[in-house]
Amino acid sequence: MRTTRITEEERAKAFAPTRKPEVTERQQLDVRYHVEDFAVEDRPRRFLEAFAAILRHSNYRFALDHFIRMSAKCSRCSTQCQVYQATGDPEDIPCKRSELLLSVYRRHFTLAGSVRGRILGTGHLTDEKIQEMAESFWNCTACRRCSMECPVGIDHALITHLGRYILSEIGIAPRALVVSTREQLEGKTGNTSAVPVPALVDTLEFLEEDMEEEKHVAIKFPIDKEGAEFVFFPAVSDFLMEAESLMGIAAVFTATGDSWTIGTGYFDGINYGLFYSDRILERVVTKVSDETKRLKGEKVLIGECGHASRSAKYFLPVHCGGKDALPVYNIMEYTYQAWKAGKLKLQPNAIPERVTYHDPCNIARQKWILEQPRELLKAICADYVEMTPNREDNICCGGGGGTVSIDEIRPYRTAVGGKAKADQIRATGAKYIVAPCANCKKQLRELVEDQGIDAEIVGLHDLLYKAIIFPDHMIQPAVPADAEDEDNPAAEPVKPDSAGSADE
Amino acid sequence: MEALLDFAQGPLFRLTFAIMILGLLRILILDIVGMVEAYRKAGDKSIPWGLTISRTLEWLFPVKRILNHRPIYSIISILFHIGLIITPIFLFAHVRLWEQGVGFGWWTLSPQVADTLTITTIVFGLLLFLGRVGVSRARALSRPQDYLWPVLLIIPFISGYLCANMGVSPAVYQASMLVHVLSGELIFVALPFTKIAHCVLMPFSQLVSVLAWKFPARVDEDVATTLDKKGAPV
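Residue numbers (my numbering), protein chains in the order written: chain A, 254 to 757; chain B, 147 to 380.
Here chain B stands alone, though its shape is the one from the complex (with noise of 0.2 Å):
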């Protein structure tokens, strides 16, 4: 067991850590180049900056848009979103994995707040699998990795609240640990390739909507020659 969590911890850990980033990266790059190539073929450069930035805005810290339709379900994804990101981010154990690691740390959160963040995060997670089951019209959208993504990513949640909190035995924390581990190294492998994507990309969500409508100039003969319609009537 603990020759496995050393391997998890180290070459596992530095090896999933290494495809998140680089498949975040590669997504984030052929996303930004798509969107370049798209403004050098648009016919119209002019880009609505204002509107495309405060709407992106708008989405990235919704404040605004909370109470104006199901609120309930959006308060609850906002702070399991804020839970997700945060805890992991500033929980005092992992920058100092980070400083041991790397050399260098940054400001953390009090105890008390990462586990009161934890604990939501697990208790929001599992309201949104929830309301995915039964919520027809979210049912009828769903595929397996909707359902997937809340259950696996509220596990290292799970486990990392149990090695941190409860006073439990040696085999108990390890092997806890262990699942805390792995699951978030998953959690690393998976992301570049499934729709939690979005923690890059959506940002762009706007702008890429913005320049999809900048169509390129005169295309209609193009198409039509390739289509082998050339000529031909409406």
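The following block holds chain A by itself, in its conformation from the complex (with noise of 0.2 Å):
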């Protein structure tokens, strides 16, 4: 799917300047979202001095030293890129933007280059070249798409990942994802949201006490159970945002019997170390692997939420004990085995209204998780309907790679990053639009709101709570005094939420 050009207008929109001129002018750095003080002198020497501590440390160079040997140009990549299709901007053509950091390898780390370049005068990095990468990686999403396209194989993604990385280790991040991240790493509460743990525990009592009224069932969040066989880590955003997803999630726990927990000394999958620095995902995932330990817990799970799946599945077992470490799961991958096992049962049509779901990157790019979603909404919705492209073709929700978190930047995600995935939920006519991550819920939200589209975005366990049919002996009896409800309610499964109590 091709998406249309910005007019003029959005385009003055979604560009328009988010901070003080006094703040730019001290930073010396004239990007779009705001960024901590740093140390501006001498920007290009640590620049390459951070450059140069990665390479030594890390796995990149042999892979910066094959994709500078082929590079090609040949500009395919551009044909996926929904923020170059947007903008028309050639800055944004995916090669030209890997070229911005690739041209710093080649002249300051290659025997060729540095050659080269001394004997010309030519290519060295200047404080303009940075603030060029400072701007161009931040525009992009994260969603890896021209990585698949790449008839070379250039990992685009892998390079914007660097560039971003190298430019943290200069002070240049986005202060949204740097404030978050000391609250998770430093800070009293130890998550990015800075959720203390007894207001933790008393939402989850509010919610049981929800379910239960709404279900007659007693649904629990079980809290520092050890010797569970899952410790959950969702997005910790979701206590605060996204409360039907996990209801939906702790109701099929309760449907299927099995054990898991929440525990109390680290309860949070987000991990934004994925988007902007290698060491911050070291040590987001030694977190969740060592409350998994403490607990005794046999299995991560992560909740709905595309990020915070990958960098637990992916980098998990590079720092946590490679075969050794702990499997990994997505909440959706247990959701669709206890359904295929028997142990959960489903009302189907629960869902009247036209849905369709949206893959989040992070869980579809690499064909993780394609299928299991698609199934479990089939079995539950009445008119089930695809985007095109889909699955591991994905389009991006236009706030991948952690821009969704900078709300100062809104308008450009909804109007230039977004805008392709605008054009395809538009052509589905879908009312719910079913999004199994907490960043790809948000920015959607936002982007449906901004671009006038009438849909609603859910979870996929926010429609599955409304379609569990609990066991007969888990319902319990009504209350008979002050019974008000005639029907009693309790004398038969409990049915599927209406169609209407959804849209409330």
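If you are wondering where the hints come from, they were derived from the structure by calculation, not from laboratory data. Treat the hints loosely; a few may be bogus.
[Unchecked claim] Taking lysine-lysine and the DSSO-like style, the derived pairs with C-alpha atoms no more than 27 Å apart in a straight line are:
hint, chain 1, residue 1, chain 2, residue 2
1, A, K382, A, K266
2, A, K620, B, K210
3, B, K376, A, K441
4, B, K376, A, K540
5, B, K187, A, K620
6, B, K210, A, K540
7, B, K191, A, K540
8, A, K593, A, K631
9, A, K576, B, K210
10, A, K546, B, K191
11, A, K596, A, K552
12, A, K552, A, K593
13, A, K631, A, K620
Put the complex together from the two separate chains, hints included.
Put into structure tokens, the structure is as follows:
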């Protein structure tokens, strides 16, 4: 699917400056996201030092060598980039973005490049180039479609990832991400949303009461239960914003009877390290692994969150023991397996409205989880439709790569980054967009609002919650004395919610 | 002219061909050593072989990909590559030379097929060049070598076709053969040092990406120490 260019008016809005001019001047940096003050002197030298240190202790060098030797500059990636398609700006072509960093590597870290550069006196790193990278790398939504479509196989996403990592080492990283990560790793609450444990416990108790009232089933969030099979790490923001997803997950576990728990030592799946720093990535996955071990859990279970799932699935083994690391599951895998095994009963056609599924990039691109949520949705929805393209070729919500957390660039995200997604959603005519990812949910809600699309963004478990059929023995008898409901709902299996209540 | 041609076809050919082979071997070995080293350092050594191999094959034989995006450009590019690879290797006249030089030859193309491939390679090479000049997004990315390569690559095809098919005078034949041989030799020499290195590196690209995402375990402290940031706040 291709999208059209943005209008001049949209462009002006999307690229409007968000920072005070004096900040831009003080930081000598003209980007649209907020950055904490950092040392501006000698930036090129410090950038190169950071680059050198990272190359020394990482595996990037051989890949950069491979890429600089064969980059063919064919421009095919431009057909894949939703940002370029919306802006039409050559600077947004993925290959051009990669070249920003590759040229620095070639000039300063290869023999031929540094000899040529020294003889000609050209190509050395300047403040302007750093500025260009700081702008360009954060225009990217890190969706990785370009990497899949490069005929010679250049991984532009890896290069942008590395570029952001180096920039963060000299202090250039979006403040929104840095501040959250600081609270997660060094703050009192130890999570990105600064949720204190008592507030977490209160919230969960409140949700339990809510569910009991609605379903007449004692659905619990087990806290700090040692020896549970699954230790659960949702994006911590779910506790504040995605109660229905959490309720659906708790309901699934109640119906299946499998053991799970939420640890009060650490309960945040969010890992912004995936977006801007391998060092942060490492520290966060280590916390996930440590908490699971503290609780003597067997498996790490990540909630409906794309980047949290990818960072745990692919980087927990890297840092926490390789093949001996704890196994990592995404909640959709668990629910699907339970349903397939007959442990979970779902009401067919429980959702009468048209439903479509948005593949989070971090889950779908590597063909990790594609069919499971679709099969679950087809089992409960009367009118399920696909977006085109889908599965591993999906289009990003437009808020990927951490950009969704940067509130000051919302106009950019909904006018440029998410434009192709908005077109795609419109074409389905769906009422519910199922997006099993905290970041995608936030971005898509802002996108449908800003683009004037009449659709509601939900999680997979929000809908499953409406369709779960609990075994009879779990359904509690109604309170006879003050029962207002003459139908006595407890006497029959819980009906899935009606369509009307879903809209509320 | 004759002496020059003899030199170009003899010692110069052997030298440039050796430079190409050794140059390609060098980058191939460096690439493989890099991959082995990365694998050794990787904290997680599980490689999704199925997906990696299927993606590699998808791009080596990009039939599935042709019609998805930019179909015309894709078809032109694929046909250009086919002619470029097949024709020089399986041309009867080239194989004869190998037979004379090293004592063995191999299967060859029929003259009609060779001629057709030569013409299509020339035409599609020119179209690729025009595409690079004419399409703004391609122009935005292009370096000098990106414009030069399609032109350089079709020179031996044009001159070779001239020698094989045109009833030209001996002087023109010799001049054209000299251009054919020298341009071919220029390609040999430049090949390992430019983007055409993808002819040997491309089959490894998907594996390179997979390995590059397999970071070494627990390097936070090492990077922090090197940057003198140990214990520094986030």
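Here's how the hints hold up against the structure:
no.: 1; hint: A:K382 - A:K266; result: holds (25 Å)
no.: 2; hint: A:K620 - B:K210; result: holds (17 Å)
no.: 3; hint: B:K376 - A:K441; result: holds (21 Å)
no.: 4; hint: B:K376 - A:K540; result: holds (19 Å)
no.: 5; hint: B:K187 - A:K620; result: holds (26 Å)
no.: 6; hint: B:K210 - A:K540; result: violated (42 Å)
no.: 7; hint: B:K191 - A:K540; result: holds (21 Å)
no.: 8; hint: A:K593 - A:K631; result: holds (13 Å)
no.: 9; hint: A:K576 - B:K210; result: violated (34 Å)
no.: 10; hint: A:K546 - B:K191; result: holds (22 Å)
no.: 11; hint: A:K596 - A:K552; result: holds (19 Å)
no.: 12; hint: A:K552 - A:K593; result: holds (20 Å)
no.: 13; hint: A:K631 - A:K620; result: holds (19 Å)
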